[in-house]
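**Student:** My request is simple: use the sequences and hints to build the entire structure.
Number of protein chains: 4
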Amino acid sequence: MRLFACPCCAPFSNRQMLAPADAGRSALKRHKSGGKVSPRILDDLVAANRILATEGVVDGYGHVSMRHPDAPDRYFIARSIAPALVTRKDIVEMTLDSEAVDPNAPGSYLERYIHGEIYKARPDVTSVVHSHSPTVIPFANAKTPLRAMMHVAGFLAGRVPVFDIKDKFGPTNMLVSNRDQGAALAEVLSDRPVALMRGHGNVVTGDSVKLAVFRAVYTEVNARMQLASRDLDGPVIFIDEAEGRKCDEMIAATCERPWGLWKQKVGMK
Amino acid sequence: MRLFACPCCAPFSNRQMLAPADAGRSALKRHKSGGKVSPRILDDLVAANRILATEGVVDGYGHVSMRHPDAPDRYFIARSIAPALVTRKDIVEMTLDSEAVDPNAPGSYLERYIHGEIYKARPDVTSVVHSHSPTVIPFANAKTPLRAMMHVAGFLAGRVPVFDIKDKFGPTNMLVSNRDQGAALAEVLSDRPVALMRGHGNVVTGDSVKLAVFRAVYTEVNARMQLASRDLDGPVIFIDEAEGRKCDEMIAATCERPWGLWKQKVGMK
Amino acid sequence: MRLFACPCCAPFSNRQMLAPADAGRSALKRHKSGGKVSPRILDDLVAANRILATEGVVDGYGHVSMRHPDAPDRYFIARSIAPALVTRKDIVEMTLDSEAVDPNAPGSYLERYIHGEIYKARPDVTSVVHSHSPTVIPFANAKTPLRAMMHVAGFLAGRVPVFDIKDKFGPTNMLVSNRDQGAALAEVLSDRPVALMRGHGNVVTGDSVKLAVFRAVYTEVNARMQLASRDLDGPVIFIDEAEGRKCDEMIAATCERPWGLWKQKVGMK
Amino acid sequence: MRLFACPCCAPFSNRQMLAPADAGRSALKRHKSGGKVSPRILDDLVAANRILATEGVVDGYGHVSMRHPDAPDRYFIARSIAPALVTRKDIVEMTLDSEAVDPNAPGSYLERYIHGEIYKARPDVTSVVHSHSPTVIPFANAKTPLRAMMHVAGFLAGRVPVFDIKDKFGPTNMLVSNRDQGAALAEVLSDRPVALMRGHGNVVTGDSVKLAVFRAVYTEVNARMQLASRDLDGPVIFIDEAEGRKCDEMIAATCERPWGLWKQKVGMK
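Protein chains in written order, with the working numbering: chain A, 105 to 373; chain B, 105 to 373; chain C, 105 to 373; chain D, 105 to 373.
Each statement offered as a hint is correct.
Which copy is meant is left open, because identical chains are indistinguishable; a pair holds if it fits in one copy or across any two.
Taking lysine-lysine pairs in the DSS-like style, the calculated list, with each CA pair at most 30 Å apart, reads:
no.	residue 1	residue 2
1	Lys272	Lys350
2	Lys350	Lys270
3	Lys224	Lys193
4	Lys350	Lys247
5	Lys270	Lys224
6	Lys373	Lys140
7	Lys193	Lys373
8	Lys193	Lys369
9	Lys247	Lys272
10	Lys369	Lys140
11	Lys270	Lys247
12	Lys193	Lys136
13	Lys272	Lys224
14	Lys224	Lys350
15	Lys193	Lys367
16	Lys140	Lys367
I should point out that these hints are in silico values taken from the structure, not numbers from a laboratory. Owing to the predicted nature of the structure, the values given are computational and were not obtained by experimental measurement.
**Tutor:** This is the structure we're talking about:
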């Protein structure tokens with residue numbers, strides 16, 4: 105039956121995700137909402153989805169979430185569609201256990217546990233991007249650590265950890281598809297802004313949707329630059345940790361400038 | 105005479121493909137059709153053509169076919185035009201010997217034997233893509249095997265065979281332009297989803313048009329990632345066969361999500 | 105004075121190219137035209153200009169010419185503007201000495217001698233493309249010969265000569281800006297379809313505008329593929345000369361298919 | 105307070121940049137303007153901003169300035185917005201100390217000192233581009249000097265110096281954010297047209313806006329070509345200094361041709 109063959113993409117409700125035996129029992133409970141948020145705030149999340157697509161960070165896959173501004177134990181994420189197609193009405197509110205607040209909400213991504221578990225482990229994080237950012241994956245699979253090539257990627261100075269789901273869970277379909285796997289990823293992420301995921305992609309965090317998107321874009325841009333530097337004579341000088349801290353402070357504050365441009369490119373003002 | 109100089113591209117009818125001596129004899133016979141199929145189903149094949157162009161898998165060359173849903177001994181493929189330009193009326197029905205069911209149908213690709221012979225050898229296959237996917241060709245010509253860099257390319261875990269037409273047919277124009285050559289390619293493909301073709305391109309299969317397109321796109325994406333990984337310190341860790349099987353199952357079921365996006369990008373709903 | 109500082113780009117007439125002392129003497133003579141050609145034929149040259157831009161072979165620089173279909177001692181080329189902007193009224197008729205037939209015609213490219221001298225040396229050639237095709241220049245400067253990676257670039261099998269203007273003319277501005285330099289380039293090109301130009305670009309020929317454009321596009325595409333293959337384990341197997349001859353025959357006849365697509369992309373039918 | 109956390113991007117006036125204690129004192133003085141310039145001249149600067157974005161030299165960051173045509177001690181630069189979004193009304197007039205002539209003008213880039221200090225040190229320069237041009241940064245961080253691959257990048261023949269802000273200023277956020285840092289960059293630039301900036305980007309100069317833009321574009325294009333050449337067998341032959349001088353003369357005079365194309369691409373005539 106298609107529905108169960110494809111739990112992570114078909115447009116189904118949370119109710120439908122129940123096993124047939126459970127479906128009649130209304131097992132999914134309604135959770136308390138964190139409260140209404142202004143359309144303007146949700147529009148940042150909509151813009152984030154589209155920008156990540158336009159800037160080449162996500163393709164048909166990938167997702168971005170935002171912690172509820174008034175309820176730290178809730179977050180928003182789109183139902184299971186391609187980021188480029190997300191509109192405001194596709195946004196679903198989740199608990200940190202990654203259950204939809206509304207049991208009749210359309211189903212979200214199977215990998216939403218990435219978001220919920222990082223929000224649990226990292227009170228400082230208010231937005232999470234997960235992508236298969238194409239130039240970052242080679243770094244996730246190889247031994248060369250991703251390092252900061254320029255000031256706008258200063259957040260990469262210091263350690264960029266790599267999560268290999270096989271270490272704890274053996275051979276899987278590579279998806280972070282339950283709370284335990286999400287928690288293991290959050291543990292590897294630790295207090296860093298970015299973690300790579302072997303054979304899969306990466307996860308990027310920030311204290312605002314804009315900053316998380318910014319970092320996701322420049323993680324990809326930086327990977328391209330570092331890859332190019334591998335063909336040149338070294339040693340290559342990277343942004344060091346002292347510089348990185350100063351860059352990150354400065355850049356965290358300037359992300360409005362590219363954000364304004366990116367929003368225009370996706371047709372939002 | 106232009107017609108015979110260019111059997112594979114000019115807009116000619118099958119009748120015209122006859123040698124002059126045969127032309128008057130109406131040698132081409134009408135084959136039994138597998139029956140009408142709904143426009144909706146054919147539209148998937150139209151979309152597939154255009155998506156492969158938009159996603160950079162095909163350029164002016166390349167083709168995609170679909171087995172007849174009700175008649176496994178028939179398949180559909182476009183007449184000989186660039187994939188980006190295909191519309192529903194360009195679709196031609198073929199026997200598995202790659203003869204047009206309607207002898208007056210416009211001529212299709214000279215290389216249609218790729219499709220017919222794979223359908224004969226592989227009852228599990230319902231769609232075939234042939235392309236000159238640009239980053240895959242270097243792997244077809246070199247000794248580095250193509251390997252799965254990420255879960256969505258899990259179908260590449262395990263062996264990706266390489267077909268060299270010279271092995272069996274000596275120096276040729278590299279085209280798979282008759283049944284014997286098509287059968288030789290199908291033999292090298294064996295039970296795998298993808299085979300590379302030395303000095304030429306690759307062939308990708310699936311049990312649906314959507315899945316074949318998905319795999320064709322991610323074969324190219326994966327090749328770019330693997331190429332990048334060659335500039336990094338190894339060893340590079342690939343998706344292994346156990347993971348690949350699980351990924352392939354999961355991903356085969358999720359290809360609706362990028363398909364929805366890709367269809368929008370080519371202006372189809 | 106700007107006019108003489110910039111003989112190759114400003115919109116000036118041939119008359120203006122005369123030194124001031126000569127300007128009053130009407131020194132430029134009117135040459136006999138090869139005769140009117142149909143707009144449809146000239147439109148192929150217009151399309152060629154735009155296609156080369158769209159396909160990434162030329163940028164603001166580069167040019168393509170066509171031998172007069174009825175007068176082998178005349179050729180057509182645009183006045184000195186960026187190829188993407190060429191329209192039918194920008195086309196100028198030239199003698200093989202690269203003088204405008206009409207002394208009042210707008211000035212063409214300083215490097216038009218590339219075209220005239222190749223037409224003199226190569227009666228088989230009816231179209232010439234000169235570009236700074238970006239991935240081909242590294243091959244022009246390095247020692248790795250450009251070789252055919254796939255059937256559609258079969259014309260590159262065999263030798264691809266490299267012209268270094270310094271060999272005969274010492275340090276210059278690298279432009280082929282007179283008949284002697286054009287003849288030296290034609291000599292290096294010899295009977296080959298393509299020659300690279302060190303520190304500059306390349307020149308591609310064909311027996312039709314369509315074929316010359318086709319070869320220019322696939323020279324660039326092939327260079328990208330060969331470059332990629334350098335990161336893989338060798339030996340890389342190229343299309344050999346026997347295959348190349350067969351490919352070139354076959355492909356020369358199929359270039360209508362991508363041409364139809366490319367023309368649509370530049371808005372011409 | 106956001107305003108002071110983000111001095112380089114938020115849309116604030118120069119007055120607002122004062123420390124709170126100074127804000128009431130109207131400490132910023134009005135400077136004498138260099139006089140009105142025609143909209144046509146300012147439009148070159150507007151076009152330059154947009155072209156640099158379209159051609160991939162700048163993204164959300166980067167800036168281009170123009171010396172006042174009638175007052176060598178004044179220059180024009182946009183207020184602090186992404187180059188792609190600049191219109192004529194965003195242009196601000198600056199002293200060479202990089203203070204806005206009008207104290208109520210909207211604030212410009214924190215890094216405007218790059219421009220002011222180069223104009224002071226280099227009377228021959230009338231336009232400056234600063235960018236994070238993506239393929240140039242690897243050269244700024246590695247040991248391989250950037251060298252001229254082709255005639256249109258002849259301005260790179262000879263030495264391309266690299267500025268490392270750490271040499272003189274220790275660990276910073278990498279921004280050139282005061283006059284001393286700008287002067288140090290200008291000193292490293294010396295009499296060259298281009299300097300790279302380690303971990304940051306590059307600065308390109310010219311004696312016209314068109315030439316500075318031209319050089320910025322081809323610095324990026326050249327970096328891509330040189331990077332590609334690293335995968336080929338050497339030795340790679342670069343444009344030497346004698347050739348470079350001749351190329352630079354010739355090309356400086358031809359930059360109208362690509363400029364015309366680039367302007368069309370950004371919708372300006």
